[in-house]
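S.K.: Sequence:
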Amino acid sequence: MSRKGKNTAGILAGLLAGAAAGVILGMLYAPEEGKETRKKIKTKANDLKDQAKNKYGEVSEKVKDQYSNISSTFKETANNVAHTVKDGYDKYKDQIVSKTADVVKDVEAELNDLKK
713 MSRKGKNTAG ILAGLLAGAA AGVILGMLYA PEEGKETRKK IKTKANDLKD
763 QAKNKYGEVS EKVKDQYSNI SSTFKETANN VAHTVKDGYD KYKDQIVSKT
813 ADVVKDVEAE LNDLKK
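Residues in the sequence shown are numbered from 713 upward in steps of one, following the numbering used here.
One should not assume that every hint holds.
Said to hold, decoys possible - Mimicking DMTMM-like on lysine to aspartate or glutamate, the simulated pairs with C-alpha atoms at most 20 Å apart in a straight line are:
id : residue 1 : residue 2
1  : 811       : 822
2  : 751       : 762
3  : 747       : 759
4  : 765       : 777
5  : 761       : 773
6  : 811       : 799
7  : 752       : 762
8  : 756       : 745
9  : 776       : 788
10 : 767       : 777
11 : 798       : 788
12 : 803       : 814
13 : 787       : 799
14 : 787       : 777
15 : 817       : 806
16 : 774       : 762
Calculated directly from the structure, the hints in this document are not laboratory data.
Keep in mind the model is a prediction, meaning the values are calculated, not measured.
Take the sequences, apply the hints, and build the full model.
M.R.: Right, dumping it as structure tokens:
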């Protein structure tokens, strides 16, 4: 996971924990019956759990999408580099073959001249 993703997840966890603590403290100090307070705490805890699951799913999807994009970009770049290298190799190979053929012709011509 990227540093930004870790920071976002940490901030999200901190916000959720702070919200949960605030809700619980508020309910504990509210002048209500203990049974009603426990029921509210349980309901809020379930709501926060659901929110956390939803946020985790969203963050997870974003990370997967970013990984997919980076992976695709890397593969595309690697293919471009491979094609560039191959094209350069083919170009210089053809030039070398051509130059070698010219040198061979020149050497043969010189040998023929020497034989005469």
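S.K.: With reference to the structure, classify each hint as holding or not holding.
M.R.: Hints and how they fare:
1. 811 / 822: Holds - the C-alpha atoms of residue 822 and residue 811 are around 16 Å apart, at most 20 Å.
2. 751 / 762: holds (17 Å)
3. 747 / 759: holds (18 Å)
4. 765 / 777: holds (18 Å)
5. 761 / 773: At roughly 18 Å apart (the allowed maximum being 20 Å), residue 773 and residue 761 satisfy the hint.
6. 811 / 799: Since the Cα atoms of residue 811 and residue 799 sit roughly 18 Å apart, the hinted pair holds (cutoff 20 Å).
7. 752 / 762: Judged against 20 Å, a Cα distance of about 15 Å means the pair holds.
8. 756 / 745: holds (17 Å)
9. 776 / 788: Answer holds: residue 776 to residue 788 is near 18 Å, not above 20 Å.
10. 767 / 777: Holds. Residue 767 to residue 777 sits at ~15 Å (cutoff 20 Å).
11. 798 / 788: At roughly 15 Å apart (the allowed maximum being 20 Å), residue 788 and residue 798 satisfy the hint.
12. 803 / 814: holds (17 Å)
13. 787 / 799: holds (18 Å)
14. 787 / 777: holds (15 Å)
15. 817 / 806: Roughly 17 Å separates the two Cα atoms, so the pair holds.
16. 774 / 762: Judged against 20 Å, a Cα distance of about 19 Å means the pair holds.
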